[in-house]
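Using the sequences and the hints, build the whole thing.
2 protein chains.
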Amino acid sequence: MSEDFDGSGGYEKTHVDENYVRVPVERLFSFVKSVLVRLGVPEGDASVVADNLVMADLRGVESHGVQRLKRYVDGILSGGVNVHPDIRKVREGPSYALVDGDEGLGQVVGRFSMELAIEKARKAGIGVVVARNSNHYGIAGYYALMAVEHGMIGISMTNSRPLVAPTGGVERFLGTNPIAVAAPTGGRPFLLDMATSVVPIGKLEVYRRKGQEIPLGWAMDKEGRQTTSVEAVFNGGALLPLGGFGELFGGHKGYGLSVMVDILSGLLGGGTWSRHVKNTSERHSEVDHFFMAVDVEAFVPLDDFRRRMDEMMAELKASKRHPDFERIWVHGEKGFLTMETRRRIGVPIYVGVLEELNGIGEEVGVGRLMELEG
Amino acid sequence: MSEDFDGSGGYEKTHVDENYVRVPVERLFSFVKSVLVRLGVPEGDASVVADNLVMADLRGVESHGVQRLKRYVDGILSGGVNVHPDIRKVREGPSYALVDGDEGLGQVVGRFSMELAIEKARKAGIGVVVARNSNHYGIAGYYALMAVEHGMIGISMTNSRPLVAPTGGVERFLGTNPIAVAAPTGGRPFLLDMATSVVPIGKLEVYRRKGQEIPLGWAMDKEGRQTTSVEAVFNGGALLPLGGFGELFGGHKGYGLSVMVDILSGLLGGGTWSRHVKNTSERHSEVDHFFMAVDVEAFVPLDDFRRRMDEMMAELKASKRHPDFERIWVHGEKGFLTMETRRRIGVPIYVGVLEELNGIGEEVGVGRLMELEG
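Protein sequence lines, in the order shown, are assigned to chains A and B. The first sequence begins at 1 in the numbering used here and counts up by one. The second sequence begins at 1 in the numbering used here and counts up by one.
The hints are simulated quantities; they were obtained by calculation from the structure and are not laboratory data. Please note: incorrect hints may appear among the correct ones.
Same chains, same label: a pair holds when it works inside one copy or across any pair of copies.
Claimed, not checked - Lysine-lysine pairs mimicking DSSO-like chemistry, simulated, CA-CA at most 27 Å apart:
#: 1; residue 1: K320; residue 2: K210
#: 2; residue 1: K123; residue 2: K222
#: 3; residue 1: K317; residue 2: K222
#: 4; residue 1: K334; residue 2: K317
#: 5; residue 1: K89; residue 2: K123
#: 6; residue 1: K317; residue 2: K70
#: 7; residue 1: K278; residue 2: K203
#: 8; residue 1: K320; residue 2: K278
#: 9; residue 1: K222; residue 2: K210
#: 10; residue 1: K89; residue 2: K278
#: 11; residue 1: K203; residue 2: K222
#: 12; residue 1: K320; residue 2: K203
Computed from a predicted structure; not experimentally measured.
The structure is reproduced here in structure tokens:
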């Protein structure tokens, strides 16, 4: 949003408030990796998970960043996550595969599956891979961007634990079920990475932490009343699907997109749907994913595609600006700008999360991440 | 919406107000087909277009029904639509193809392309077809449902003329770019068919016709002010993307989904994007489409998939109801109920549209559709 933009060429405000500390990115990565390795995760797999979590923090998606590590650690310790999964192809054709993740870490299953989709797309033009029996896989955009590195369009979706009520209902039956789509350009890739709810649950966690009320229109309490109280939502309420309450502003569309994600990632692969997905930290969560890679060269010359993507994005950004906005963004741009800045000046970590990470480090015996200054 | 539900087992209110007349479905179909045949469209192609337009009216999507015929007729007469297109495959692999529609009727290009996607999915598990140089193709759901008849998941998207402003902008740069997804069940298919704007333009046409104000949050005037005036929107204003104004309720997500449709249907196939799409009635419109079929059997047994789809839909419908709603719907259900009723009792046609159709019938020499009673 425009208020986050520092206007000085970069995107990130260099100032962080007293509740955050900046941690150098390499330090954060090494810490996460070390914790996982100490818990028995093979080094390569630990790198993938660390890369995914740190990328979320770099891009400004705090809710999917290193603050998730605690739940992964709990999942490993409780046995809900298998650190030596036998990830295998159950069925396969030249342009598709069904993968069983054997309850492995979501990022490990996810990377395996997207690499497979890319390999298939390279040979067959299209690669579709559905993965079942996985766990929370972090930001969906991570996998979509993998395809872009190969000159392909990447798509990824995942079901997730129930937090959203269907239109006309009040119960948490749907996941925030994200959809990510990435496409190559001449510069920074196009990257749409969106929850199919009005906001992801992480956004409410930030408001809760700050003790702020949420805008009316994000969520309901357990009786179905729209509420500004974060506690009312956490206390049995539900998030609203994209489009909001009822059908007047298209809430049934967000609801439908969420079900679509359940069909493509869950039911198509013999997995489950969001209502039956569990928290990774509790026991095996039964998360399922969908991955697709489209080799642009199979359709049109890649250079030509990149050029036309650049033209489209330039035209959108140069279109007439609304007086309330400082600029028109294209998708992914903010995240890439934030990432570039944070690689230089470090990743802001909430002090409560830092304490938690320090505790994990001591517990598993890799030492503390960083001390609070002062 | 619940107020449209008659509660008597069917979905459609049997009563139509004085501005509508009911036309038997066979009569409507024959009329549309005859008009097109008289204008030089081959009989098979004319049947496809008539089938698509009448299906929209049967399902309650009036904006994409026979009221579109005028624009198609104008497109044919102005030479913007080619009634004898050489629809050809430009590139092809086992699981994908790029089709050039040669400026044919969108429904004819669409049906050809979706049939090709289904044929490829039958052999390769997945079929993706991108079609360029087409025209307005009617309801996107028509093509998605074609796949369901073959036990497949069907997806279709299309770019469309610019009517929607990007988040932060005020100009019409994006199309209402619909996304349709259909999946087989044990009964009525799941069918999500949605514009990526808060509402499609047809909804505003209905409000305009009735002289009613639109809800605040659907659209902006040409200065970017949110407005309840339909005229202000038609007079240089713009529709808002799904999620509404700004980013607070996810308007950037609807914007992103719209761009995704432009990438997959337009840029991937060497076509254009919504900003440069024209009205079918004016000149060649350069509309592009995306089609995908996924053979469920390639992944899991179809019967099993159907059963689990039924379970999911039953669970959603049986979840706790919000006090403001009479029932919880699943996607497509309302349209199928409406279709079943209208097949019996006829399709409500707005009297202004009936007059227009009668005029077309006289002009091309196939006679009038129906006289107004009384």
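Consistency of the hints with the structure:
no.	hint	result
1	K320 / K210	neither (35 Å within a copy, 32 Å between copies)
2	K123 / K222	neither (50 Å within a copy, 48 Å between copies)
3	K317 / K222	between (41 Å within a copy, 18 Å between copies)
4	K334 / K317	within (13 Å within a copy, 39 Å between copies)
5	K89 / K123	both (18 Å within a copy, 19 Å between copies)
6	K317 / K70	neither (39 Å within a copy, 35 Å between copies)
7	K278 / K203	within (20 Å within a copy, 40 Å between copies)
8	K320 / K278	between (45 Å within a copy, 20 Å between copies)
9	K222 / K210	within (22 Å within a copy, 38 Å between copies)
10	K89 / K278	within (24 Å within a copy, 46 Å between copies)
11	K203 / K222	within (19 Å within a copy, 32 Å between copies)
12	K320 / K203	between (30 Å within a copy, 25 Å between copies)
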